[in-house]
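Enquirer: Sequence:
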Amino acid sequence: MATIRVVGAAIVQNGKVLCAKRGAGKTLAGAWEFPGGKIEPHETPQQALEREIQEELLCQVAIGQQVNTASYTYDFGTVELTVFICHLLSGEPRRTEHEEFRWVLPEDMPKLQWAPADHDAVTAIAAMHFEH
Numbered sequence: 001m002a003t004i005r006v007v008g009a010a011i012v013q014n015g016k017v018l019c020a021k022r023g024a025g026k027t028l029a030g031a032w033e034f035p036g037g038k039i040e041p042h043e044t045p046q047q048a049l050e051r052e053i054q055e056e057l058l059c060q061v062a063i064g065q066q067v068n069t070a071s072y073t074y075d076f077g078t079v080e081l082t083v084f085i086c087h088l089l090s091g092e093p094r095r096t097e098h099e100e101f102r103w104v105l106p107e108d109m110p111k112l113q114w115a116p117a118d119h120d121a122v123t124a125i126a127a128m129h130f131e132h
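Note that UniProt numbering numbers the sequence shown so that position 3 is 3, with each residue one more than the last.
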């Protein structure tokens, strides 16, 4: 089975993290995730994340520290997810493919039903404190 390399953005604003709910009709519909997407062969993870956030959320982010990389094997293949802490540079995130967005305090993030590949990053970010 293929390994799918993806990146996710933990976008922080006013001490909260943007959480995105996958839309109906998608794999893992209704699960929460960090916005992002696949890394193309010619891209670094950071370049992929900048492109994906522009395409998916119609805004620009500054990419900060890497939280972690975790793998999870689904029935369609193995997802290798790298999550970065990000901050908005311009624009406000807009939904183009997600069912819902929520700005959530880090300690409250584990209460949401996350996609399995995101769990390790959620656990790590839940222990962080961001300035309001």
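Possibly wrong hints are sitting among the right ones.
Between beta-carbon pairs, the in silico distance windows are [unchecked claim]:
#1 E55 <-> G25: 28 to 38 angstroms
#2 P41 <-> H129: 14 to 24 angstroms
#3 E131 <-> T3: 12 to 22 angstroms
For lysine to any residue, the following SDA-like pairs were computed, each having C-alpha atoms within a straight-line distance of at most 25 angstroms [stated by the list, open to error]:
#4 K21 <-> D75
#5 K21 <-> S71
#6 K111 <-> R51
#7 K111 <-> L89
#8 K26 <-> G15
#9 K16 <-> K111
#10 K38 <-> H132
The hints are simulated quantities; they were obtained by calculation from the structure and are not laboratory data. Being a predicted model, the structure only gives us computed values, none of them experimental. Here a beta-carbon is modelled for each residue, glycine too, at the ideal position from N, C-alpha and C.
Enquirer: Which hints from the list above does the structure break, by number from lowest to highest?
Expert: 1, 2, 3, 6, 7, 8, 10
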